[in-house]
Amino acid sequence: MKALLPLTFALALSPLAAFALPVVGDVLGTTPETATAALEAAGCKVNSFEPEDGKIEAKCTETATGKIWEIYIDPKTGAVSKVKADD
Amino acid sequence: MTDLASSRLPRKGQALPSWDPLLRLAHWGIAGVVLANYAFTKEGGSVHIALGWAGMALLLLRLIWGFVGPREARFASFPPNPMAALRHLGGLLRGKAPQYPSHNPAGALMAYALWACLAVLMLTGLGMSGLSPFARADLEAAVAEGDWSVLVEEDGDAEGESPYGDVLEEVHEVAANLILILALLHVAGVAVESRALRRNLLAPMLITRRGRKG
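Just so you know, the sequences run in chain order L and H. Quick note: the first sequence uses the working numbering, first residue 1, plus one each step. Quick note: the second sequence uses the working numbering, first residue 1, plus one each step.
This is chain L alone, in the form it adopts within the complex (with noise of 0.2 Å):
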């Protein structure tokens, strides 16, 4: 239920305000759907999640400028560990 919260915020206002990426700490969720949907929700389209030292990284494209995005997930909590810019 936690995990809901701020998808609900994040949805919610997305249509007013400027698409913002997660930073770290954003709970997004513990299942592929939950931080895809959160994922788009903050402007960037989920392309591929995989296991990556112990947390989940999800590949996404910033629908703005069609950067590429790694956002780490712990799978645990669903919470954001850290953002990197694909290079």
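I should point out that these hints are in silico values taken from the structure, not numbers from a laboratory. Some hints could be false.
[To be verified] Using 20 Å as the maximum straight-line C-alpha spacing, the simulated PhoX-like pairs for lysine-lysine come out as follows: (1) L/K59 with H/K42; (2) L/K84 with L/K67; (3) L/K67 with L/K45; (4) L/K45 with L/K84; (5) L/K59 with L/K84; (6) L/K59 with L/K45; (7) L/K67 with L/K82; (8) H/K42 with L/K84; (9) H/K42 with L/K67.
Based on these hints, arrange chain H on the given structure of chain L.
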């Protein structure tokens, strides 16, 4: 077989080194692994890791071969000697560099530099990936199917995020780029020497000369 020193041939057009099949397998196998992992496989993926393991096995084989293999494959036949390497390159410019029964001194330095970079590449790769490409393939399959719980179960043990992960990744990438630059120089060196001195240095790395055992 002639003595190593006396078999050194100062004139062009004489016998080229004859590389044995295992050496050639290691040479082309490692080249293939490096190219495939640089250009085609997904970084950190199970195929990338499996190829890295194959490359590591080939490198180990080549290094052991440097002690127990045929004479021209042994490290003793091509000790690192920067001054001799410079002399060889100078001779190459003048169009009369001597021929050697194993690597020439410049080629020897290149081989040692490549092996050192490959060792760094493989050790940092191992450090990042853990020990098994099979375990990695299982994890990828589970996550691809939407099951993130496999990571939760493993978290807290060996799968926790390493504080050295970024450093390992940087060193791995620098080593990979360096290997590619060295490989290009190596190919250029082979091409220049083959052309300037009319020695086909590529052929012995491709085929075994008839009438000579490896």
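Now for the hints, and whether the structure bears them out:
{"no.": "1", "hint": "L/K59 with H/K42", "in the structure": "13 Å, holds"}
{"no.": "2", "hint": "L/K84 with L/K67", "in the structure": "11 Å, holds"}
{"no.": "3", "hint": "L/K67 with L/K45", "in the structure": "10 Å, holds"}
{"no.": "4", "hint": "L/K45 with L/K84", "in the structure": "15 Å, holds"}
{"no.": "5", "hint": "L/K59 with L/K84", "in the structure": "10 Å, holds"}
{"no.": "6", "hint": "L/K59 with L/K45", "in the structure": "8 Å, holds"}
{"no.": "7", "hint": "L/K67 with L/K82", "in the structure": "16 Å, holds"}
{"no.": "8", "hint": "H/K42 with L/K84", "in the structure": "17 Å, holds"}
{"no.": "9", "hint": "H/K42 with L/K67", "in the structure": "19 Å, holds"}
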